[in-house]
Amino acid sequence: MTKLPLGLCAATLVFGWLLASPSARAGDTSAGSDVFKTECSECHSVKQGRNKKGPSLFGIVGRPAGTLPDFSYSDALRQAHWLWTAEKLHSYLSQPAKQANPGTKMKYDGLNDPKQLEDLISYLGTVH
Amino acid sequence: MLSFLNRRVRRRPGKMLLWCGIAALLLASTTAQAIPAFARQTGAACADCHAGAYGAGANGPNLTPYGMRFKLNGYTDTDGQGFKIPVSGQLTETHTAPARGPSSTDLTEADLYLAGRISDQVGGYAKIEADHVGHDTYNTKLSNVDLRFVAKELKLNGKDFTLGVSVNNNPGFDDPIAVLPAATSLGPPGGQGPTGTLLNLSSANAPADRLIGASVYGLYDSDWYGEIGTYRSLPTSEQDHLGYNIAGDPGRLSDTGYFRFAYMKDLKRQFFSAGLVGLTTRRQLPRTGPTDNLTDLGYDLSYQFLGNRENIVQVSYVNILEKRKYGSTPVSPIVPGLTALSRGALHDETLSVTYTFKQTYGVQLAHLESNGTRDAVRFAPLGNPDTTANLLSIFWAPFGKDDSFTSLANMKIAATWFRFTRFNGATNNIFGVPLGNPTTKPGDLNAFSVSASVAF
Chain A
392 MTKLPLGLCA ATLVFGWLLA SPSARAGDTS AGSDVFKTEC SECHSVKQGR
442 NKKGPSLFGI VGRPAGTLPD FSYSDALRQA HWLWTAEKLH SYLSQPAKQA
492 NPGTKMKYDG LNDPKQLEDL ISYLGTVH
Chain B
250 MLSFLNRRVR RRPGKMLLWC GIAALLLAST TAQAIPAFAR QTGAACADCH
300 AGAYGAGANG PNLTPYGMRF KLNGYTDTDG QGFKIPVSGQ LTETHTAPAR
350 GPSSTDLTEA DLYLAGRISD QVGGYAKIEA DHVGHDTYNT KLSNVDLRFV
400 AKELKLNGKD FTLGVSVNNN PGFDDPIAVL PAATSLGPPG GQGPTGTLLN
450 LSSANAPADR LIGASVYGLY DSDWYGEIGT YRSLPTSEQD HLGYNIAGDP
500 GRLSDTGYFR FAYMKDLKRQ FFSAGLVGLT TRRQLPRTGP TDNLTDLGYD
550 LSYQFLGNRE NIVQVSYVNI LEKRKYGSTP VSPIVPGLTA LSRGALHDET
600 LSVTYTFKQT YGVQLAHLES NGTRDAVRFA PLGNPDTTAN LLSIFWAPFG
650 KDDSFTSLAN MKIAATWFRF TRFNGATNNI FGVPLGNPTT KPGDLNAFSV
700 SASVAF
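Going down the list, the sequences are from chains A and B.
For any residue, its number in this note's numbering is found by taking its place in the first sequence, counting from 1, and adding 391.
For any residue, its number in this note's numbering is found by taking its place in the second sequence, counting from 1, and adding 249.
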């Protein structure tokens, strides 16, 4: 059996991981805007400084969770100490919010359509 | 408002046209709208709760599923940024052009809303309404009231459960789906006699806003809604104090029970519901008279296509049957030996379709129909209470959305056409005047109006 060079194996693994990574699978931001309007916009605004029942999602990707100064977060989210990376958003939004962050105020059943989730996260990445 | 029409009919048939036109336009213009105080409280846009950013085309709050949840939660949701003053106002200027009679342009309505949360569990809505009644005169009255206590985020059999109490003055106004006549201000207007069902606020002597009651409601697993309640009519002296002409007294209502059950499904891009509603009472009208037993039983269906909110279609159908067992059988003052029937039935149907583009431009089309048991004594002059009418409205609501420059104010311009094709069961000579006299067709009751409303 022919052995593959170690470097090629490593490159294949890294490339495969990148392909599988949510951040690498760029979604359709236009479709994501529609997903946002359907799934999120009643409780969240993308305008800077505009909070609804939920905090503004302006600049959400890369923001430490629970840190907007003028929004009253749940203790659960303030103490989560996580960063809203694309990967974290993917994990958080793909399941019920109460499961992803027990004690959160957020009422959301999760988005189980992978394409819509990718599109949504891509769109949120443009909101800054 | 239609009871006012009926009173005028009995007194001065010659003025019928004028009052019909006014009544039709009041029907079209007086409805629940988006309340800016709610927007300030929640940080949300009016368009989050209403398909049209001002609340409605001609009639009905046209609630989105999110708006229904806000109502179910007792108007208590908040952005968490401190106390907001729960007060709003609305002014409406209307140009009215009836098919017969002079046109007019007036400030037709000025409203004060006390609406919002008191605490996480207590909130409410109350509307104080001043209506133009002619000659620069306004009549101020207490319109719809809905005060709530709600316990949220309960669990029942492991499912989400919301339990609440509503104290209100209009059976069905508090309904979350908001397609019943009390919530939409949309019901077939009747002719002479005690036409129309109890649940139809366009009926003669309708109980709406002239009673007080309480109901207990629950929402199970986000989909199943149930409500039971009871009401009593206000004494005529209290109706007078609250701004209502006692000629429209619904009578003494006793043993009054109300129920509502509905299945509602929010699919985010679509919504549908199917519901049952019932109202039963013993009515003495006049209050010293015999007691009639009245029972309303209805069903309603609704569907919404919401999509990404660019193109919204809302369809609702309400069908209410009222069974009546009269406490007396009066004799005809005109035909010797003719007596009224001891039982009867009335049947009100309303179909409404609304399309909204970008939550800014909209058109609403409604078909209203009322049919009842023929009774030559009770339903003068033709013995037939049947009415068929249509409403067509177009509107423009430029503000009230997320990207609007302000959430402190809102505006709507609407054009509404209300037409009758049958009245008093007739399609010609609807008041049964003798041969040789000028007759009236249903179309003579039509009216067109253009209104501009601002809310703040």
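No lab work stands behind these hints: they were computed from the structure.
Some clues are possibly wrong.
[Unchecked claim] Below, computed lysine-lysine pairings styled on DSBU-like, alpha-carbon distance capped at 35 Å:
#1 B:K690 - A:K438
#2 A:K496 - B:K390
#3 A:K506 - B:K650
#4 B:K607 - B:K333
#5 A:K498 - B:K333
#6 B:K333 - B:K408
#7 A:K489 - B:K401
#8 A:K444 - A:K479
#9 B:K572 - B:K404
#10 A:K498 - B:K690
#11 B:K404 - A:K498
#12 B:K572 - B:K390
#13 A:K496 - B:K572
#14 B:K517 - B:K390
#15 A:K438 - B:K574
#16 B:K690 - A:K428
#17 B:K514 - B:K333
Computed from a prediction, not measured in an experiment: that's the story for all the values here.
Hints versus structure:
no. : hint            : result
1   : B:K690 - A:K438 : violated, 55 Å
2   : A:K496 - B:K390 : violated, 40 Å
3   : A:K506 - B:K650 : holds, 27 Å
4   : B:K607 - B:K333 : holds, 28 Å
5   : A:K498 - B:K333 : holds, 23 Å
6   : B:K333 - B:K408 : holds, 32 Å
7   : A:K489 - B:K401 : holds, 15 Å
8   : A:K444 - A:K479 : holds, 21 Å
9   : B:K572 - B:K404 : violated, 39 Å
10  : A:K498 - B:K690 : violated, 56 Å
11  : B:K404 - A:K498 : holds, 14 Å
12  : B:K572 - B:K390 : holds, 31 Å
13  : A:K496 - B:K572 : violated, 47 Å
14  : B:K517 - B:K390 : violated, 38 Å
15  : A:K438 - B:K574 : violated, 60 Å
16  : B:K690 - A:K428 : violated, 49 Å
17  : B:K514 - B:K333 : holds, 32 Å
Of the numbered hints listed earlier, those contradicted by the structure are 1, 2, 9, 10, 13, 14, 15, 16.
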